[in-house]
Amino acid sequence: MEKWLRSESVSKLADALLPVFAALAALAVGALMLLVLGANPFEAFGALLDGAFGSANSLADTVVKATPLLLIGLGICISFRGNVINIGGEGQMIIGALLATALGLAFPDWPGIVMIPLAMLAGFVGGAFWGGIPGALKAYFNVNEILSTIMMNAIAVQLMNFLLSGPMIDPVQAAKASQIPQTARLSTSFDLPRLIPTRLHLGAGIAVLLAILVYILLWRTTIGYRIRAVGQNRFASRYAGIDVKRQIVLALLLSGAFAGLAGAIQVFGINHRMITDGSATGFTGNAGFNGIVAALFGQLNPIGTIPAAFFFGALLVGANKLQRVMQVPSALITTINGLVVVFVVSSEKWRKTREQKRLTDMMAEIDGDPPPNPEKAVKEVGS
Amino acid sequence: GGAENEATVVEVPADIFKVAVVMPSAINDLAFSQSMYDALLAIQADTGADSFEIVYSEGMFIVDDAAAAIRDYASQGFDLVIAHGSQYGSSLQEIAPDFLETSFAWGTTVDTFGLPNIFAYEARAEEGGYVNGVMATMLSESAVIGVVGPIETGDAKLYVDGFAVGAAATDAGTEVNTNWIGSFSDVALASEAAQTHIGAGADVLTGTAQMVVGAIGAAEENGALWFGTQSSQSSLAPSIVVANQVYRWEVVLEDMIDLIHGGTYGGQSFEITLANGGLVIEFNGDYALPADVQSAADATIAGIIDGSISVFP
Amino acid sequence: MSDSQLLPTGQKKINHLEMIEISKFFPGVIANNRVNFDVKAGEVHALLGENGAGKSTLMKVLYGLYPPEEGAIKLDGEQVVIGSPVDSIGLGIGMIHQHFMLVESLTVAENVALGLASTRGPLTDLDIVSQRIQELSEIYGLQVDPKALIWQLSVGQQQRVEIIKALYRGAALLILDEPTAVLTPQEVDEFFLTMRKMMDDGHALIFISHKLHEVLDISHRISVLRDGHMIGTIPVEGATKEKLAEMMVGREIGLKKERVSNEKSEKKLILKNISAQSDRGTPALKGIDLEVYSGEILGVAGVSGNGQKELAEVITGLRNVTSGQVVLEDEDVTGLSPKELINRSLSYIPEERMRDGMIKEFTVAENLILREYDQLPFANNGFLNLKNISTHSDEMIKSFNVKTPSQETTVKSLSGGNIQKLVLARELFRKPRTLIAAQPTRGLDIGAMEYVHLRLLEQREEGTATILISEDLDEILALSDRIAVIFEGEIMGIIDREEATTERLGLMMAGVVE
Amino acid sequence: MIEKFFTEAVLVGIIASGIRLATPYLYASIGETFGQRSGVLNLGVEGQMLLGAFAAFYVSLTTGNLWFGLLAAMLTGLIMGLGMAFVSINLQAVQGISGIGFYLFGLGLSDLLFQKLMGTVVTVSGFRPIYFPVLSDLPIVGQIFFNHNILVYGAYAMVFVAWFVLNKTTLGLKIKAVGESPEAADSLGVSVSKIRYLTISFGGMMSGIAGASLSIALLNVFQQNMTSGLGFIAVALVYFGGWRPIAVMGGALLFSMVNSLQLWVQVLNIPIPSDFAVMMPYVLTIIALVVTVQRVRPPSALTKPFERGH
Ligand SMILES: Nc1ncnc2c1ncn2[C@@H]1O[C@H](COP(=O)(O)OP(=O)(O)OP(=O)(O)O)[C@@H](O)[C@H]1O
Ligand SMILES: Nc1ncnc2c1ncn2[C@@H]1O[C@H](COP(=O)(O)OP(=O)(O)OP(=O)(O)O)[C@@H](O)[C@H]1O
Ligand SMILES: [Mg+2]
Ligand SMILES: [Mg+2]
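Chains as they are written, first to last, in my numbering: chain A, 1 to 383; chain B, 1 to 313; chain C, 1 to 514; chain D, 1 to 310.
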């Protein structure tokens, strides 16, 4: 029995590490590409590791990068569990950030201790609003959420461009001919507390705390039960007395809220103002998409999303360092990231197969009914 | 690893000048980023590769990543770290005070945040815009000119505004239509915008930022003329590109480098202008420019240089 | 039996098919353990066994859907390799699956044509296929419109499509996995006619059913599976229900409970002139009037698709009425949400238990609180009380004798019978004052069925007002105090059990007014 | 103000430009429609397009033959499609995610190859508008319909081919069955994997052509990330069209005409902030779906990997 337990836990550990092995395999392909480009792969991966973990600053950068991924990933855990696909993290993040920033700009004299929580709340509300729209469109008008969230991203970007070059523009810029589309810097008293001397700010702590809360929400509360039920079976949910449409709206709304919060944290923790280069990515850093990937690697489990987000944060931060050290085009990094995503998601298959096999072995042991041995038996029928 | 890098830094002989640049798009975008990279290469060609080292981070459109890169370069002891994008200002303001021995340059802007180790640099893009506007108006037979821009801001806005002023000053009756397509990368939409201008009667076009390569193609296909800016775009469509306003950042970079050698790490702001040779109107040799237009252009350039023409009065 | 080696469809007969020492595993289950089985041309060989015994699995191995872990298959003495349905179809084997394998959004002809070569090369030849379908329909008495979309057909019609599909492909051996589970007595009779015709023509037929009288009626030989093992094969001569039941469960059964007569007391549930629409927007219920008393089981008999589903859903708040009134315990509850009805102590055992009654991916414990997840003792102030939930599950699993590895097991890996027990456990634990039970024993083996009946009768004694919706007349007759017959959305009549006979009910179910 | 729109130039411009702009969407969306109809969601369209655009451009540039370029784009898309098929069918990866992975891969690799093989933006002389004697010279009609290059016509032809294949052929029947009920198809000996391999690699090929239509027909340049989100819009349009080729075409036309309209709004100096003009196609696409309340269901098996017995 003890032996069985031991092998069980070993095998579970192997499963947990599987994504890491898959990522390594992807990096090996990346190494080949580096070779073709005339760079030394060992040096390159040294740089990657160094960039992600090599110093307090790089470690902090990794965590800072992981923070919005985790927050958005949490929202994704909620919406995907409710079987609504939220591709709109980018837009929701922007709207949350805009609302939080507007609040911070409107009341520059408020004490930080008051403003910071309110601004986070504003981000939450802004994102919820932007997520709630496609939610309501899906629930009440049958508009596919994949389509609407993609469209809402584009709309949010234009809204940001408009606000930052018009109503919300930094008065200093407004007076200039070039008019850089940015807001004024938020009052320094609103800066999220930092772990001096790095960029690591309170946001990371908030995100981890929220991961635990989302876990509780999903598996320990009736709200979570409802969302998961609707996600798995709408008919049975109706039978259980659950208002299905409301859960669809709620799932997208909450999902958007976390993205909005990520936006607010990004502004108050890192940028301290909003600025646009016309695209979503300039501000979000693709967190709206990478967060989905992180959540799925975390098996749509909020706690599992923590290491997944950290892993991706490290990859992204380390990759930039790789560019700096090796002077390889940034395009190579994007390519390798793509490979990592494909490899890791493909590795799931082995995990599932192993899980099934474990189950079979376990049951056989419990049953005490020794199974016929297929290895020994003559395999006669096509398999 | 990092320790190794730092070790190398210490051993570097003092006569090697190390520059790092962080740019939003690619070094070969035929536009904003390329203009800076070309300038650094020009300086390197002058001083020799063994006394002038260039490293770059391109594609840093994520502000956050740029900040990490800037900090990393600074901590590695680079002599000059260039943040080539107005969106990097906030990050720089935060990082610079931690590295008072490193000089930073930030463009395009005039703001040094009052810090002793930040240089600001800007292109008076409206000057070349004005000159191009004058020529475009003279060349337009339909009296309709189309402009394709990314978003209405910064360098692009200066250029486009200057262009409009130049056009109006030449012939108030000429219509200048502007399209902001909302993106720096949507080549297809830029092309369609150009087609729209042509459909609206434009026979001369201009535009700014890297996605205009799409617009140039559309102009060429329809036989409309093109005016470029930031980098030379003549190679893309030799038959229709009339002239380009080309940025020569080396003019101000050299000044900065001199100051750094003299112990001044920042606190000043620079601009490239027609007057200081940082902006150059480069005429496309393959395009036969009518003499009157050529002389009007020359006169305008001279006027801007001597101050008799003020683009934004 | 005809002596020709060809079937009327023009196919070659399969004289003898043997499965030898077949084993098949699933994660955690040995579904077939060295099973031997054979079938001959012109015979019906029945396969019996409790839920989860491994019947469907064995047949799926034969049809090439599952590769067996070991074993061999011989066709007319020669060993064959069946790696996929392409192989089995090529060998003349056809299968009617327990769960129909039809593409609902396509037409009958399209479903039949699917996967077959067309006479027009890459283009479909649906007109030709339709013609051939008509021909086959005539030979075997299987009326169906080739142009109809599958989702528009009744279950019985869908089954005909399945049989036509197999015959069209030249099946000489036909596997019929619980084909009668979803049919009405009349439909079963028609179906048996078709089966006999095929048998006489020289088809080899494998027949799976939980209904012993059917098996005794139509088969030549009967084999019994238990826990993945082949218990034995006996000829129909000399076989009795008791003997078969014993072979299946390994013990004697007979949980017959005596019905005590209750007095009718208060009216619990009253339906007044209820009309409602189906999902397709057609009228499904037309002016239904019903009354149910506490301590009474009102049986609703009828061919599936005559409004039973809509009736149950209207009462439970899952469907809106277009007119009429539902009165529950003297209160007008028309239009109330399912939630409010749950709170009024109304329980519902839905017909489609896997779709409506269970969340497959949820654990046993989570499913057991499905209807009261937000109420004490399972939840308090919006937080689930895991401890109470866990204790509750253990109790339910024990008292309802649910076979599951643990309460953390996801429901999808349980057998149909055990899933039904879970639904029952959940709905009856609540001590409902009113209960709607729709097809509560469909597809269950006799052991499980007896068990469900016992529970329903217990509930009756406790004073629950029950509506029992069932197509199984034996069940209706065994349990009901009064019987209402529904036909095309109308109640054809309500009769006391004492006056009811299978024949009388059957006629009413066919729409013959008394 | 509004009357400005009702000039011939503007209306002809909007329609002609809408027809042209729809081209890349059509190729990509039709390809995606096949994939989704068979039950596979491919979010990697954008990456396939970029690689296709590059391959077409580079091969055209080096060989001087546009048809070789087109072929290269098809091959590249096909290879990417096969990769996606392997990952989603054999490895049963979560389709939404693997698609994003392929997108990043295509985005990066096309850029990398561009930098290493070309170094800077150059132009090719791409497919020219076809001149139809008489027809092309017709007023209005000639401008709108008879003044496009071969790939534009090809895109619309593909819509009808797709409609035909899905509704009139045995292959179409199999594709629909596999996407709705893979178990049923499988039980009749239709190979679910084979069909899905076919549709996804075909989809990849179509995305490749979509990229080529940009780089060697409409724009005649290649630049990094030149699709800038077009591939994602193409996926959205499949949902818009409810998985029916003709309706997908309607969506693509609507989207691109509104896009062209917003360009005119700016050119005509209608006083709307340009940001709001740019928003128009996105907003209107959503509104169009809201007002035409649809009851279309996605293919039942969409995104669900198939395995017997599950
Ligand atoms: N695809 C599958 N994956 C895992 N387990 C399975 C699968 N199919 C069947 N099983 C298991 O194999 C066993 C035999 O199932 P099978 O379907 O053959 O039973 P059956 O005799 O047909 O039962 P029923 O009368 O309920 O139809 C059961 O324990 C079942 O849970
Ligand atoms: N994918 C699966 N994994 C685990 N068990 C399965 C799976 N598919 C089916 N089973 C089990 O196999 C057994 C037989 O299932 P099957 O689908 O044949 O009918 P059933 O559950 O008896 O339903 P019905 O009520 O229609 O007879 C059931 O116990 C079911 O739970
Ligand atoms: Mg079965
Ligand atoms: Mg069953």
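Think of the hints as simulated: they come from the structure by calculation, not from any bench.
Being a predicted model, the structure only gives us computed values, none of them experimental.
Idealized CB from N, CA, C, for every residue including glycine.
There may be inaccurate statements among the hints.
[To be verified] List of simulated lysine-lysine pairs, DSS-like, C-alpha gap at most 27 Å:
| # | chain 1 | residue 1 | chain 2 | residue 2 |
| --- | --- | --- | --- | --- |
| 1 | A | 352 | D | 194 |
| 2 | C | 412 | A | 245 |
| 3 | C | 339 | A | 245 |
| 4 | C | 412 | A | 352 |
| 5 | A | 357 | D | 304 |
| 6 | A | 349 | C | 339 |
| 7 | C | 360 | A | 245 |
| 8 | B | 18 | D | 194 |
| 9 | D | 304 | C | 412 |
| 10 | A | 245 | D | 116 |
| 11 | D | 168 | C | 147 |
| 12 | C | 412 | A | 357 |
| 13 | D | 168 | A | 349 |
| 14 | C | 360 | A | 12 |
| 15 | D | 304 | C | 360 |
| 16 | D | 304 | A | 12 |
| 17 | C | 147 | A | 357 |
| 18 | D | 194 | A | 349 |
[What the hints assert, rightly or not] If you anchor each label on the Cβ, the simulated ranges turn out as follows:
| # | chain 1 | residue 1 | chain 2 | residue 2 | range |
| --- | --- | --- | --- | --- | --- |
| 19 | B | 295 | D | 128 | 35 to 41 Å |
| 20 | A | 349 | D | 128 | 45 to 51 Å |
| 21 | B | 288 | D | 129 | 25 to 31 Å |
| 22 | D | 128 | B | 286 | 50 to 56 Å |
[To be verified] Pulled from the structure, derived: some chain A residues nowhere near chain B, Cβ distances all over 12 Å:
| # | residue |
| --- | --- |
| 23 | 209 |
| 24 | 219 |
| 25 | 271 |
Against the structure, the hints come out as follows:
Under the criterion of a C-alpha separation no larger than 27 Å, the hint pairing residue 352 of chain A with residue 194 of chain D is consistent with the structure, at around 23 Å. Distance hint between residue 412 of chain C and residue 245 of chain A is fulfilled; the C-alpha atoms sit about 25 Å from each other, no more than 27 Å. Between residue 339 of chain C and residue 245 of chain A the alpha-carbon distance is near 14 Å, which keeps this suggested pair within the 27 Å criterion. With a C-alpha separation of about 16 Å, the suggested pair residue 412 of chain C and residue 352 of chain A falls inside the 27 Å cut-off, and the hint holds.
Between the alpha carbons of residue 357 of chain A and residue 304 of chain D the distance comes to roughly 22 Å, so the proposed pair stays at or under 27 Å and holds. Pair hint residue 349 of chain A plus residue 339 of chain C does not hold up; C-alpha atoms about 40 Å apart against a cutoff of 27 Å. At roughly 21 Å between alpha-carbon atoms, residue 360 of chain C and residue 245 of chain A fall within 27 Å of each other, so this suggested pair holds. Distance check on the hinted pair: residue 18 of chain B and residue 194 of chain D sit about 57 Å apart at the alpha-carbon level, beyond 27 Å; violated.
Between residue 304 of chain D and residue 412 of chain C, the direct Cα distance comes to roughly 16 Å. Compliance with the 27 Å bound is thereby established for this hinted pair. Under the criterion of a C-alpha separation no larger than 27 Å, the hint pairing residue 245 of chain A with residue 116 of chain D is inconsistent with the structure, at around 52 Å. Under the criterion of a C-alpha separation no larger than 27 Å, the hint pairing residue 168 of chain D with residue 147 of chain C is consistent with the structure, at around 15 Å. Restraint check for residue 412 of chain C and residue 357 of chain A: satisfied, since their Cα atoms lie roughly 17 Å apart, inside the 27 Å limit.
Taken as a hint, the residue 168 of chain D and residue 349 of chain A pair is broken in the structure, with Cα atoms around 36 Å apart against an allowance of 27 Å. About 24 Å separates the Cα atoms of residue 360 of chain C and residue 12 of chain A, which keeps this hinted pair within 27 Å; it holds. Annotation: proposed proximity of residue 304 of chain D to residue 360 of chain C holds, straight-line Cα distance about 16 Å (limit 27 Å). Proposed proximity of residue 304 of chain D and residue 12 of chain A is supported: the alpha carbons are some 25 Å apart, at most 27 Å.
Restraint check: the Cα-Cα separation between residue 147 of chain C and residue 357 of chain A comes to about 46 Å, which exceeds 27 Å; the hinted pair is violated. For a cut-off of 27 Å, the pair hint linking residue 194 of chain D to residue 349 of chain A stands: about 19 Å separates their Cα positions. For residue 295 of chain B and residue 128 of chain D, the Cβ-Cβ distance of about 37 Å falls inside the hinted range of 35 to 41 Å, so the restraint holds. A hinted range of 45 to 51 Å holds for the C-beta pair residue 349 of chain A and residue 128 of chain D, which are about 48 Å apart.
Between residue 288 of chain B and residue 129 of chain D the CB atoms are about 27 Å apart, so this pair conforms to the stated range of 25 to 31 Å. As the Cβ distance of residue 128 of chain D to residue 286 of chain B is approximately 21 Å, the hint placing it in 50 to 56 Å is violated. Residue 209 of chain A, annotated as away from the interface, keeps every beta carbon of chain B farther than 12 Å; the closest lies near 22 Å. With a closest Cβ-Cβ approach of about 33 Å to chain B, residue 219 of chain A is found to remain outside the 12 Å limit, as its non-interface label requires.
Chain B draws residue 271 of chain A into its interface by the beta-carbon criterion, the shortest separation being 6 Å against a cut-off of 12 Å.
Checked against the numbered hints given earlier, the structure breaks hints 6, 8, 10, 13, 17, 22, 25 and satisfies all the rest.
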